[in-house]
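Undergrad: Could you build all of it, start to finish, from the sequences and the hints given here?
Protein chains: 2
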Amino acid sequence: MSAPAFAASSEPLTIIGGGLVGSLLALYLARRGHQVAIYERRPDPRYQEAAEGRSINLALSDRGWRALEGIGVQDDVRRVALPLYKRAMHSIDGQLTYQAYGRENQAIYSVSRDGLNRTLLDLAEAHPNITLHFNQRCLEVDLHQRQLTMRDTTTQQTHVLTYHRLFGTDGAFSAVRGAMQKTERFNYSQSYLEYGYKELQIVAGTAGKWQLDKEALHIWPRGQYMMIALPNLDGSFNCTLFFPYEGETSFAALQTPAQVQAFFERVFPDAVPLMPNLLPEFAQHPTSSLVTVRCYPWSYQGEVVLIGDASHAIVPFYGQGMNAGFEDCTVLDQLLTEFAGDWDTVFAEFQRRRKPDADAMADLAVYNFQEMRDRVADPRFLLQKKIESKISAQYPDQWLPLYSQVTFSHTPYAEALANGTRQEQIMQRLMPLIHTEADYDTPAVQALVQQEMAQLA
Amino acid sequence: MSAPAFAASSEPLTIIGGGLVGSLLALYLARRGHQVAIYERRPDPRYQEAAEGRSINLALSDRGWRALEGIGVQDDVRRVALPLYKRAMHSIDGQLTYQAYGRENQAIYSVSRDGLNRTLLDLAEAHPNITLHFNQRCLEVDLHQRQLTMRDTTTQQTHVLTYHRLFGTDGAFSAVRGAMQKTERFNYSQSYLEYGYKELQIVAGTAGKWQLDKEALHIWPRGQYMMIALPNLDGSFNCTLFFPYEGETSFAALQTPAQVQAFFERVFPDAVPLMPNLLPEFAQHPTSSLVTVRCYPWSYQGEVVLIGDASHAIVPFYGQGMNAGFEDCTVLDQLLTEFAGDWDTVFAEFQRRRKPDADAMADLAVYNFQEMRDRVADPRFLLQKKIESKISAQYPDQWLPLYSQVTFSHTPYAEALANGTRQEQIMQRLMPLIHTEADYDTPAVQALVQQEMAQLA
Numbered sequence: 001m002s003a004p005a006f007a008a009s010s011e012p013l014t015i016i017g018g019g020l021v022g023s024l025l026a027l028y029l030a031r032r033g034h035q036v037a038i039y040e041r042r043p044d045p046r047y048q049e050a051a052e053g054r055s056i057n058l059a060l061s062d063r064g065w066r067a068l069e070g071i072g073v074q075d076d077v078r079r080v081a082l083p084l085y086k087r088a089m090h091s092i093d094g095q096l097t098y099q100a101y102g103r104e105n106q107a108i109y110s111v112s113r114d115g116l117n118r119t120l121l122d123l124a125e126a127h128p129n130i131t132l133h134f135n136q137r138c139l140e141v142d143l144h145q146r147q148l149t150m151r152d153t154t155t156q157q158t159h160v161l162t163y164h165r166l167f168g169t170d171g172a173f174s175a176v177r178g179a180m181q182k183t184e185r186f187n188y189s190q191s192y193l194e195y196g197y198k199e200l201q202i203v204a205g206t207a208g209k210w211q212l213d214k215e216a217l218h219i220w221p222r223g224q225y226m227m228i229a230l231p232n233l234d235g236s237f238n239c240t241l242f243f244p245y246e247g248e249t250s251f252a253a254l255q256t257p258a259q260v261q262a263f264f265e266r267v268f269p270d271a272v273p274l275m276p277n278l279l280p281e282f283a284q285h286p287t288s289s290l291v292t293v294r295c296y297p298w299s300y301q302g303e304v305v306l307i308g309d310a311s312h313a314i315v316p317f318y319g320q321g322m323n324a325g326f327e328d329c330t331v332l333d334q335l336l337t338e339f340a341g342d343w344d345t346v347f348a349e350f351q352r353r354r355k356p357d358a359d360a361m362a363d364l365a366v367y368n369f370q371e372m373r374d375r376v377a378d379p380r381f382l383l384q385k386k387i388e389s390k391i392s393a394q395y396p397d398q399w400l401p402l403y404s405q406v407t408f409s410h411t412p413y414a415e416a417l418a419n420g421t422r423q424e425q426i427m428q429r430l431m432p433l434i435h436t437e438a439d440y441d442t443p444a445v446q447a448l449v450q451q452e453m454a455q456l457a
Numbered sequence: 458m459s460a461p462a463f464a465a466s467s468e469p470l471t472i473i474g475g476g477l478v479g480s481l482l483a484l485y486l487a488r489r490g491h492q493v494a495i496y497e498r499r500p501d502p503r504y505q506e507a508a509e510g511r512s513i514n515l516a517l518s519d520r521g522w523r524a525l526e527g528i529g530v531q532d533d534v535r536r537v538a539l540p541l542y543k544r545a546m547h548s549i550d551g552q553l554t555y556q557a558y559g560r561e562n563q564a565i566y567s568v569s570r571d572g573l574n575r576t577l578l579d580l581a582e583a584h585p586n587i588t589l590h591f592n593q594r595c596l597e598v599d600l601h602q603r604q605l606t607m608r609d610t611t612t613q614q615t616h617v618l619t620y621h622r623l624f625g626t627d628g629a630f631s632a633v634r635g636a637m638q639k640t641e642r643f644n645y646s647q648s649y650l651e652y653g654y655k656e657l658q659i660v661a662g663t664a665g666k667w668q669l670d671k672e673a674l675h676i677w678p679r680g681q682y683m684m685i686a687l688p689n690l691d692g693s694f695n696c697t698l699f700f701p702y703e704g705e706t707s708f709a710a711l712q713t714p715a716q717v718q719a720f721f722e723r724v725f726p727d728a729v730p731l732m733p734n735l736l737p738e739f740a741q742h743p744t745s746s747l748v749t750v751r752c753y754p755w756s757y758q759g760e761v762v763l764i765g766d767a768s769h770a771i772v773p774f775y776g777q778g779m780n781a782g783f784e785d786c787t788v789l790d791q792l793l794t795e796f797a798g799d800w801d802t803v804f805a806e807f808q809r810r811r812k813p814d815a816d817a818m819a820d821l822a823v824y825n826f827q828e829m830r831d832r833v834a835d836p837r838f839l840l841q842k843k844i845e846s847k848i849s850a851q852y853p854d855q856w857l858p859l860y861s862q863v864t865f866s867h868t869p870y871a872e873a874l875a876n877g878t879r880q881e882q883i884m885q886r887l888m889p890l891i892h893t894e895a896d897y898d899t900p901a902v903q904a905l906v907q908q909e910m911a912q913l914a
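Residue numbers (the working numbering), protein chains in the order written: chain A, 1 to 457; chain B, 458 to 914.
If you're looking for bench data, these hints aren't it; they were derived computationally from the structure.
Yeah, the Cβ is synthetic: ideal placement off N, Cα and C, and Gly gets one too.
Errors might be hidden in some of the hints.
[As the list claims (entries may be wrong)] Chain B is nowhere near these chain A residues, computed Cβ spacing over 10 Å in every case:
{"id": "1", "residue": "Ile71"}
{"id": "2", "residue": "Lys86"}
{"id": "3", "residue": "Arg185"}
{"id": "4", "residue": "Gly247"}
{"id": "5", "residue": "Asp359"}
{"id": "6", "residue": "Phe381"}
{"id": "7", "residue": "Val445"}
[Claimed, not checked] Distance ranges between label pairs, derived from CB positions:
{"id": "8", "chain 1": "B", "residue 1": "Pro853", "chain 2": "A", "residue 2": "Tyr395", "range": "52 to 60 Å"}
{"id": "9", "chain 1": "A", "residue 1": "Arg78", "chain 2": "B", "residue 2": "Pro813", "range": "44 to 52 Å"}
{"id": "10", "chain 1": "A", "residue 1": "Ala444", "chain 2": "B", "residue 2": "Ala904", "range": "50 to 58 Å"}
{"id": "11", "chain 1": "A", "residue 1": "Ala252", "chain 2": "B", "residue 2": "Tyr852", "range": "32 to 40 Å"}
{"id": "12", "chain 1": "B", "residue 1": "Asp609", "chain 2": "A", "residue 2": "Glu184", "range": "25 to 33 Å"}
TA: Right, dumping it as structure tokens:
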């Protein structure tokens with residue numbers, strides 16, 4: 001069965017999921033002349049308080065910015081974004097160590113998930129081609145009949161909709177993917193870390209003053225677990241504790257307020273005085289799980305496609321979940337230009353090009369948890385990063401550190417991972433010769449660097 | 458919520474799935490005094506013709522035999538099983554090459570899936586503690602209320618059952634696992650090969666005579682694909698073509714009877730004269746997919762457990778799917794003795810002990826496809842296997858080939874895989890010195906073998 005004929009630009013499109021990726025995608029598609037209907041399970045967030053304990057902030061970086069630039073909204077977002085130029089590591093005795101994210105002036109940006117979603121929804125609502133439908137839970141997707149069974153969660157009425165072209169931007173637990181999972185030979189995996197996370201607050205100081213450096217992402221690396229903090233506009237920080245579910249040091253082991261208090265005082269002593277609501281927050285905020293979702297194919301007969309977390313949910317440790325979903329929009333938009341009107345080819349090319357990158361990013365995100373919770377506390381690791389910066393400064397066209405490729409470039413993730421793996425092998429050969437930053441300039445090291453770079457070229 | 462109290466041996470148990478593993482498990486549990494109810498989606502196979510194109514035979518080996526011995530049914534089964542002592546490789550020009558499976562008299566046994574299932578169901582039906590319920594489709598499992606919504610597929614009536622303890626033996630597309638997949642932090646993957654399979658027949662000769670050696674598993678290895686054949690009691694062989702779905706040489710490329718005929722004559726010339734029904738069978742028999750399913754945990758709160766394909770469906774290339782499911786029954790039975798009455802511990806230990814073995818077997822099964830379709834056609838590979846046999850004969854206590862560990866021993870699969878990996882590394886060092894079987898006895902080779910064995914010990 002094929003969709004009824006429409007002029008390529010007027011075909012009506014249906015999006016399930018009005019989160020960050022769904023609302024951005026709607027703007028891209030509407031700009032091409034399509035009528036776009038967005039159905040979102042939750043109430044309109046613009047008329048809601050942020051859900052309890054879920055005032056998440058996200059790290060927006062170059063891939064995300066490019067996607068926002070594509071619809072001209074980058075300046076609005078930049079006004080409410082806080083640049084973070086470095087990591088600030090807090091040792092157990094209160095010492096601070098810093099690691100720059102990139103070259104001077106390169107930063108990731110702390111933005112409120114909720115604020116960004118509101119901005120994108122305002123733009124979508126103002127667009128004449130887009131209609132927004134909230135409180136609409138997708139109960140069933142009939143891929144053969146191209147029908148959606150929806151329930152209005154305010155009236156509990158169920159109704160059936162027909163779609164022509166369907167975009168599943170409904171996140172890690174996607175209903176659209178749920179229907180595709182039952183089709184022939186659909187590869188699927190959901191894989192949980194044995195860690196959960198809990199969100200906590202560092203409050204603002206007097207007169208809305210930030211009590212920690214607001215230009216850093218703060219990390220309390222503790223080997224098998226960590227806490228991080230990102231600044232908010234109001235002077236507070238959102239903290240997240242990433243912590244084992246079970247075991248000697250775990251959520252399961254912290255049962256009483258006294259145990260929580262004693263644990264935090266022991267391992268995060270410099271943070272505790274800034275967290276006056278620690279105990280009620282710890283008790284009341286949910287413990288959330290950390291899942292990686294992979295699947296393939298991402299599309300069904302040129303009629304349905306999964307975008308963002310629906311096809312490639314990743315753990316948050318590289319700050320790339322939203323950026324990857326936004327980059328999906330950029331790539332899809334390029335393909336819509338390249339193969340205008342030929343949805344079969346657009347969807348087929350989209351999944352073919354994008355799947356290796358999504359897989360690479362999923363691996364990088366899991367890898368970075370170990371780096372953040374453990375390796376950043378190791379002086380040798382920090383020295384290696386400094387040496388890498390020096391190589392990159394000396395050979396700017398040949399060596400961009402992996403973190404910069406992922407965060408400050410548009411190099412496909414899979415290519416970045418492959419480059420990063422080669423770079424790490426070189427560093428493993430170089431570092432035995434290096435004991436201080438100054439060693440980089442010794443003739444022996446310089447000779448080896450030159451030799452390695454010649455082979456890399 | 459915990460189950461109402463019963464004497465450990467009288468607690469009623471519910472099994473979803475009355476296939477090979479479900480019926481065997483019922484016999485093990487009933488022997489302990491439990492009342493066991495089996496619910497099976499399909500009609501009673503004892504009153505049905507075998508489903509069209511699905512007259513599967515299976516390779517029963519030592520792990521399977523041990524499980525059958527546990528309930529005293531091994532002699533009944535052995536009477537209808539055909540021993541296969543070797544692989545017989547058919548080259549494209551009709552040459553036959555052989556590879557023994559193990560030591561003399563070691564064999565895998567070709568048995569009819571349907572016949573074995575009938576035997577086990579007869580035994581289950583005769584047991585006073587077991588009730589059988591066919592045509593019962595499990596629509597929903599409510600893990601909190603411990604309720605099953607079942608539909609009788611003959612009357613279309615739906616009814617709700619309460620269970621005390623539930624065993625999911627309902628195969629690769631398990632409904633019980635489907636419910637567990639929605640619980641917190643359930644890890645799950647379904648992964649398909651890009652190959653499908655189709656079942657075909659080599660007919661019996663005059664007077665029910667086998668037209669190929671009936672003591673061999675026949676393989677037509679063709680690099681990227683293969684056909685295999687296992688003997689039946691009536692003189693016929695069941696053939697299975699394992700073949701890519703897409704591509705130049707694929708199911709997609711064989712569209713017309715003339716294409717099928719030409720292809721088979723070109724690549725399986727010695728088999729075609731024995732397959733008079735090739736064209737109608739090829740057209741009418743389904744093309745089936747090949748899936749590996751992994752998940753964890755396998756149990757839910759000491760109340761529900763997944764057994765066999767429901768928790769670890771594997772591809773068929775090592776002939777271990779049924780054997781692994783039967784070994785699950787052996788292991789579970791041992792744990793029921795060890796921790797009598799303590800279901801929480803039994804289920805927890807079962808999944809903890811058995812998961813690494815299921816994962817190893819899944820990997821081995823995928824690996825063996827490449828061996829069967831490709832490597833067995835390589836004289837160097839066959840020479841390596843002969844040399845391995847010689848090492849094993851010389852050092853019987855130290856070296857059992859991987860295939861024998863998997864097939865003719867009860868060594869846990871994970872341990873077998875680890876041993877096999879070490880052995881392969883040794884063979885990689887040895888084989889460059891060896892060009893003929895006789896080379897094994899040269900002083901240089903013997904010295905290296907001795908040295909390797911000393912390190913292995």
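Undergrad: Hints first: check each against the structure and report whether it holds.
TA: Structure-based check of each hint:
no. : hint                              : result
1   : Ile71                             : holds, 36 Å
2   : Lys86                             : holds, 34 Å
3   : Arg185                            : violated, 4 Å
4   : Gly247                            : holds, 15 Å
5   : Asp359                            : holds, 13 Å
6   : Phe381                            : holds, 30 Å
7   : Val445                            : holds, 36 Å
8   : Pro853/B <-> Tyr395/A: 52 to 60 Å : holds, 59 Å
9   : Arg78/A <-> Pro813/B: 44 to 52 Å  : holds, 50 Å
10  : Ala444/A <-> Ala904/B: 50 to 58 Å : violated, 42 Å
11  : Ala252/A <-> Tyr852/B: 32 to 40 Å : violated, 48 Å
12  : Asp609/B <-> Glu184/A: 25 to 33 Å : holds, 28 Å
In the structure shown, a violation is registered for the earlier hints numbered 3, 10, 11, in ascending order.
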